[in-house]
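Assemble the whole structure, with the sequences as input and the hints as a guide.
4 protein chains.
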Amino acid sequence: VQIGFNRRYDRSHRAVREAVREGEIGALELLVITSRDPGLAPLSYLKVSGGIFRDMTIHDFDLARFILGDNPVEEVYATGSVMVDPALKELGDIDTAMVIMKAASGTLVHINNSRRAVYGYDQRVEAFGAKGMVQSDNLRASTVTRFGAEATDVKEPLLNFFIERYMQSYLDELNDFIDVVAEKKKPSVDFEDGRIALILADAAWASFQSGKAVRVRYD
Amino acid sequence: VQIGFNRRYDRSHRAVREAVREGEIGALELLVITSRDPGLAPLSYLKVSGGIFRDMTIHDFDLARFILGDNPVEEVYATGSVMVDPALKELGDIDTAMVIMKAASGTLVHINNSRRAVYGYDQRVEAFGAKGMVQSDNLRASTVTRFGAEATDVKEPLLNFFIERYMQSYLDELNDFIDVVAEKKKPSVDFEDGRIALILADAAWASFQSGKAVRVRYD
Amino acid sequence: VQIGFNRRYDRSHRAVREAVREGEIGALELLVITSRDPGLAPLSYLKVSGGIFRDMTIHDFDLARFILGDNPVEEVYATGSVMVDPALKELGDIDTAMVIMKAASGTLVHINNSRRAVYGYDQRVEAFGAKGMVQSDNLRASTVTRFGAEATDVKEPLLNFFIERYMQSYLDELNDFIDVVAEKKKPSVDFEDGRIALILADAAWASFQSGKAVRVRYD
Amino acid sequence: VQIGFNRRYDRSHRAVREAVREGEIGALELLVITSRDPGLAPLSYLKVSGGIFRDMTIHDFDLARFILGDNPVEEVYATGSVMVDPALKELGDIDTAMVIMKAASGTLVHINNSRRAVYGYDQRVEAFGAKGMVQSDNLRASTVTRFGAEATDVKEPLLNFFIERYMQSYLDELNDFIDVVAEKKKPSVDFEDGRIALILADAAWASFQSGKAVRVRYD
Chain U
1 VQIGFNRRYD
11 RSHRAVREAV
21 REGEIGALEL
31 LVITSRDPGL
41 APLSYLKVSG
51 GIFRDMTIHD
61 FDLARFILGD
71 NPVEEVYATG
81 SVMVDPALKE
91 LGDIDTAMVI
101 MKAASGTLVH
111 INNSRRAVYG
121 YDQRVEAFGA
131 KGMVQSDNLR
141 ASTVTRFGAE
151 ATDVKEPLLN
161 FFIERYMQSY
171 LDELNDFIDV
181 VAEKKKPSVD
191 FEDGRIALIL
201 ADAAWASFQS
211 GKAVRVRYD
Chain W
1 VQIGFNRRYD
11 RSHRAVREAV
21 REGEIGALEL
31 LVITSRDPGL
41 APLSYLKVSG
51 GIFRDMTIHD
61 FDLARFILGD
71 NPVEEVYATG
81 SVMVDPALKE
91 LGDIDTAMVI
101 MKAASGTLVH
111 INNSRRAVYG
121 YDQRVEAFGA
131 KGMVQSDNLR
141 ASTVTRFGAE
151 ATDVKEPLLN
161 FFIERYMQSY
171 LDELNDFIDV
181 VAEKKKPSVD
191 FEDGRIALIL
201 ADAAWASFQS
211 GKAVRVRYD
Chain F
1 VQIGFNRRYD
11 RSHRAVREAV
21 REGEIGALEL
31 LVITSRDPGL
41 APLSYLKVSG
51 GIFRDMTIHD
61 FDLARFILGD
71 NPVEEVYATG
81 SVMVDPALKE
91 LGDIDTAMVI
101 MKAASGTLVH
111 INNSRRAVYG
121 YDQRVEAFGA
131 KGMVQSDNLR
141 ASTVTRFGAE
151 ATDVKEPLLN
161 FFIERYMQSY
171 LDELNDFIDV
181 VAEKKKPSVD
191 FEDGRIALIL
201 ADAAWASFQS
211 GKAVRVRYD
Chain L
1 VQIGFNRRYD
11 RSHRAVREAV
21 REGEIGALEL
31 LVITSRDPGL
41 APLSYLKVSG
51 GIFRDMTIHD
61 FDLARFILGD
71 NPVEEVYATG
81 SVMVDPALKE
91 LGDIDTAMVI
101 MKAASGTLVH
111 INNSRRAVYG
121 YDQRVEAFGA
131 KGMVQSDNLR
141 ASTVTRFGAE
151 ATDVKEPLLN
161 FFIERYMQSY
171 LDELNDFIDV
181 VAEKKKPSVD
191 FEDGRIALIL
201 ADAAWASFQS
211 GKAVRVRYD
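Residue numbers (our numbering), protein chains in the order written: chain U, 1 to 219; chain W, 1 to 219; chain F, 1 to 219; chain L, 1 to 219.
Hints were generated in silico from the structure; no laboratory data involved.
Any given hint might turn out to be false.
Each pair may be met inside one copy or between any two copies, as identical chains are not told apart.
[Said to hold, decoys possible] Under the rule of at most 27 Å between Cα atoms (straight-line distance), these lysine-lysine pairs were calculated in the DSS-like manner:
hint, residue 1, residue 2
1, Lys47, Lys89
2, Lys47, Lys131
3, Lys131, Lys89
4, Lys212, Lys47
5, Lys155, Lys131
6, Lys212, Lys89
Here you go:
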């Protein structure tokens, strides 16, 4: 089974993981993931999506795990609001969320989500540690910059959504998948990764409901 | 009484507040404050500082309130770790912390702190809303940028600490104070601001101890 | 005939041209093109390349014309040095060059070239006019940024050379070519463009030899 | 005699010089100075200013010399146009100019000037050499950055003019001057520097008039 966590294949996010893994920033102390969709999915989808933590934050939970490596998340706190569309309230869902997680080594992880960022698909990662910081930033379709009487350094909006932003990731993931099939290699993302991300999503939901940090149980 | 929340006078943070106040980014949905000291204060100070939330995060609580305007914080969740110096553990304190707060309108606020950022004093604010985002970034002593075989766009470390970073703020605050004294104006930061920031700091501590989001009581 | 001036298809350079054409920056007053190769071509190639203006600057001459639109270059001044490899001197060629051109409307154009930039293939365009400025910047393989005790904002080297940097341009040019063949359209770069770029290259060489600005004759 | 070349005291320009002097970028091969005023000076001033090379570019000539160190300029080519205000034509002056100079070691220097940049006072330096590049960029009053549906990374206009931009330089120059007076030290900018910058300005004017590169005579 090969699960669709394509962000693991994004060159910039991947470089953050490598920097952490190779000790470039020393012990990982803070991990901040910004993850905002450009606009609300159709309500027909949202009705069956399982809620923001299962349909949106789940990718950030997986990305956090990818960077944390063998430093498992032990505790999850999550909260949220309906700020974008009141219809979400009727569905029992939210559209704006924040999460804090604590990993075994003491590393603190923050995720923030919005279902609507007017400036494009906002996907950033910041890993902070004893020896420095490494960040992964957004992509734009060009490098054009404008200067005028009112504003300087003006760039175009971010790439619109995951198809555009994670194009390179999808291609690399596909290549990886072909290698897995052809060479019977172990896939780099597997069923267990999907299961754990879902456990974190459900812990976030339980925390949101209870107002308490939730201890994560993986068994 | 004029309280020393000089960050309110920082030109860039102030511009974030103005953008929010004038509706430039629409309803404020997410507020993210990054606040990391360049290095650990002496243990002799830390012993009597009252803990990270009272001696360090308190400035971020005030800055959050400054930007939130008349949208009061209702709930605080905080957690933390000892990652920088084990001596903090003996003092019953922490050196690495994350906070999430929820304001009356539903706005979510995140603060992350470290007592040691090797690249300098890291003070950033990001306000995200229905119509866009506005950020306040760090300062450096010059604009020099280097390009070499191994790295490009290389800039110097951030200004080292609050004296350097908030120099302009201190001067503006001092001018404001002189105006207050001379013209018997109402100070723009007063005793009540200090009291509320302290309430938030204590709520954060209570949350950290209990693992629960704490409802804030202002009376 | 379809000539290989692929830079015309680069999204960012193209956006500069569009901004100029649509009057976004008003009358074009200054155009600055930075164009530096990552490293020296093999001497065997350099021996037959026709010299720096014909083998390297020629692409910048065409790019300048692309942005100038119907504002023809009237005068060329060029100079240069051998700074990278003394072997160029024996070939009667140079490896470091600067050009100034004046167009009919008075627009001034500067090009600077080096055959060796250790930080990667440096390709920038800056168009300055009555109402503002628009720039096209370099590309990198990722958006990773590093912060450490000695340096901040550190990015990786630029994409290494034209294959990587102008990949998107080549694909778009290829698509354009297919359209030309299939639909018998007029190609967007044609033989005449190649002829004129060569005239400018030869004017540059004549200027370099004489130390005088050379009036360009197109017939 | 202490001459008013305050740009030598700008922290960022100074860091470029230090990088060059300490061999950080190897042999200096290309030096590019961008220098554009925010708006036209009053005609009453322009009438007696001595022309663009003597009243505006002269600061750039001095800055170039400051960075070149003991590598004297041997040849100057200059050209220009009247693009900003036709009144300049009646005064026999220009408002838009480009210069190329060649120094003894072969280093090529480019300066471009405009008397009107709507986005503020534009003062940049780029030194390129065998081992890399170092740049000095512009200053803004704050670090605020805006993201919206139409544009991202939007910053405010540059600091308006030399009083704002070179404030720090003026203060440092003043301190230096006080040291010179008090301690009878040799001033770091002296009469000879003023004389040479004027020689370069006059060579530029002669080149502009003749259309030829002019060999500089310092005696």
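Going through the numbered hints above, which ones does this structure break? Give me the numbers in ascending order. Of the numbered hints, all hold.
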